[in-house]
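Keeping their order, the protein sequence lines are chains A and B.
So for the first sequence, the numbering used here puts the first residue at 1; every next one is plus one.
So for the second sequence, the numbering used here puts the first residue at 1001; every next one is plus one.
Honestly, the hints are just simulated from the structure, not real lab data.
Heads up, the beta-carbon is just placed ideally off N, CA and C, and yes, glycines get one too.
Treat the hints with caution; some may be incorrect.
Claimed, not checked - Partner residues are not named here, just some residues of chain B that face chain A (Cβ under 10 angstroms, in silico): (1) Q1196; (2) R1199; (3) S1203; (4) V1215.
Listed here are the chains, written in short residue letters.
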Amino acid sequence: MTELVVTDVSRAFGAVQAVDGVSFTAKSGELISVLGPSGCGKSTILNLIAGFVRPDRGTISIGGKVVNEEPPSRREIGIVFQSYALFPHLTAFENVAFGLRMRGTPNDEVTRGVDRALEMVRMGRFKDRYPRQLSGGEQQRVALARALVISPTILLLDEPLAALDKQIRQSMQIELLEVQRAAGVTSLFVTHDQEEAMALSNRIVVMRAGKVEQIGSPSDIYHHPANRFVASFIGRSNFIEAVVVSADAGTIDARLANGSVMRASARGLAVNDKVALVVRPENIFVKLNGAAEGSNALKGTIVGALDLGPMSQVQVEVPGIGRLEAALAGAPGERNAAAMAPGSKVAVGWQAESMTVLKS
Amino acid sequence: MTQAVAGHSPSRAGWLAWDGGARWLPFLLPGAVFIVLAYLYPLIELLRFSFYRQVTAGVVRSDWTIDNYVRFFNQSSMWEVASNTIVMGVSVTILCLILGYPLALAIVRSRGIWTTIFLFLTISPLLASQLVRALGWTMALGQSGWVNTLLLHFGLVDEPVRILGTLGAVILGLTHGLLPFMVLSIASSLSSIDPQLERAATSLGATRTQVLWRVLVPLSLPGIVSGSLLVFCIAVGTYGTPFLLGGPGFKLLSLIVYEYFTSLLNWPFGAALAVILMVIVTAMLGLFVKFVRRPWQVR
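This is chain A alone, in the form it adopts within the complex (with noise of 0.2 angstroms):
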């Protein structure tokens, strides 16, 4: 059982400032997912913690001893590369020997290990293949094993479902989920598919431009996004910009722009402050010619209405604020979808307690 401790780590290449005072900890048996967009510095946090890029300033840690001077191959950490890495001139067996054999560890254990490994992600009877006659969710697999058998301090995944098809991406989710739970390894699954990270982790690292973002379990960063760019980043927003006007111990009224006046609650505001209130789609509920309920209620024409199968997206243009989003899940009937047709004016609303407060 092993914490994960990184403190205050930054990296720059170049002009480049990839990593820029990161810090975070991995509590022992965590899955911990670092997301975010292409060069956000998730692949460098990754590449620091391997050993195989040295860090500029701060420190990592590993169950507690410092590694910062350790080089790659005594950090004892697995790796799952997005491309697999498997040696093309081993069979599954060897590519999962590697690691004991590089121990020095006796044939018999290794054989013991290994076994115990692919049965572990089910790959025993294509131990003898070579990584070209297996396909890639077989390969990755493979990959899994290898990188566990060696009883890893930390296990890092790179990517590691990216490159598979969605419908075996799922199922290797659950499998790979299982697997990390009953080996109990502290991992850390570097991602830029949101809904991967929210999936599999028990708390997301959240970062852009070499920073954190927010850190937080995946139900904390989606329903109470820290600001507008992890609001927009994960899963999709509406962004209703608002003027406070009167602000209370935990309460605002805010003004929006059409004039209409919502309550929420939000906490170190001060009067005539700017805000942006965050409202996800599926917290938006849609109402043909009807009062609207719920207190924040506002007047518009649905604009465009898809069906997406198990919810509909409809497109309400609301005057003076411009387009919301709204998601409506339940049996098309309930969903009224036929009668959401363009031209159609609705009223609009949401729960004041679904509405997230970001100053702006």
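Following the hints, position chain B against chain A.
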């Protein structure tokens, strides 16, 4: 190996491994004609001559005899020449391999201007002709050349040693000239290795040496083999450098083939020697090809 994964069906064109391959046949024709005229025909002529009987210098009779071959196998000096040739070829190949592998790694690993520098260093021997290179070595290796000067200066020898005119000089000269072929073929092989493999090996606990022997060398084997083949074939077949650096008494198959054709005017025996040289090269080739079977490359 056993299992074919990507089920490539044999194409309709049969021996051309892609659909509609026959449409490309016209483009194959000029090359094919050239090979037949410039290679196959002389080869058949050579074979024919090697079974003729020498009457007197420059005069042959088409008797169909195997005397020329019998003579080679009965003459112990000929065996010596053949073994000299093989020793020379193998030595040059091994030397090129030892010197060339690190250079190839440096080319593949270096970035920016350094790649250009290493590449230039590698191909620089090819910028001078074989003749100029060999003459340069005759100056360097002579009694008062810089090699002897250095040896004397550092007290490694007491008086100038004879280097020129030995097998060593020939090996040195040929290694210099053939190194580029080795380096370039290994480099092309190395550059096709996924750099992540090295990181994977390192993260699994492999040291630099283990990465080299367990990952890089096995995966660059195709380049090692093709480079070795090139170097060996050229080394045993070449004439100029051994002639200049080996001196008058020095004997290699390529040198005595020339001798029998030009000064001794015994074409049948010269042809037989040329055929034997060819057999040695072909045998070496076959050995290498067998050696480099890679089970992991499944088709």
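Original post:
Against chain A, is Q1196 of chain B within 10 angstroms by beta-carbon distance?
Top reply: This hint holds: Q1196 of chain B lies near chain A, its Cβ roughly 4 angstroms from the closest one there, short of 10 angstroms.
Original post:
Regarding the hint that V1215 of chain B lies at the interface with chain A, is the smallest CB-CB distance below 10 angstroms?
Top reply: Check passed: Cβ of V1215 of chain B comes within 6 angstroms of chain A, closer than 10 angstroms.
**OP:** Against chain A, run the beta carbon of S1203 of chain B and see if the smallest gap drops under 10 angstroms.
**Re:** holds, 5 angstroms
Original post:
Can we keep the R1199 of chain B interface hint, with Cβ of chain A closer than 10 angstroms?
Top reply: At about 6 angstroms, which falls below the 10 angstroms cut-off, the nearest Cβ of chain A leaves the hint on R1199 of chain B intact, so it holds.
In this structure, none of the earlier numbered hints is contradicted; all agree with it.
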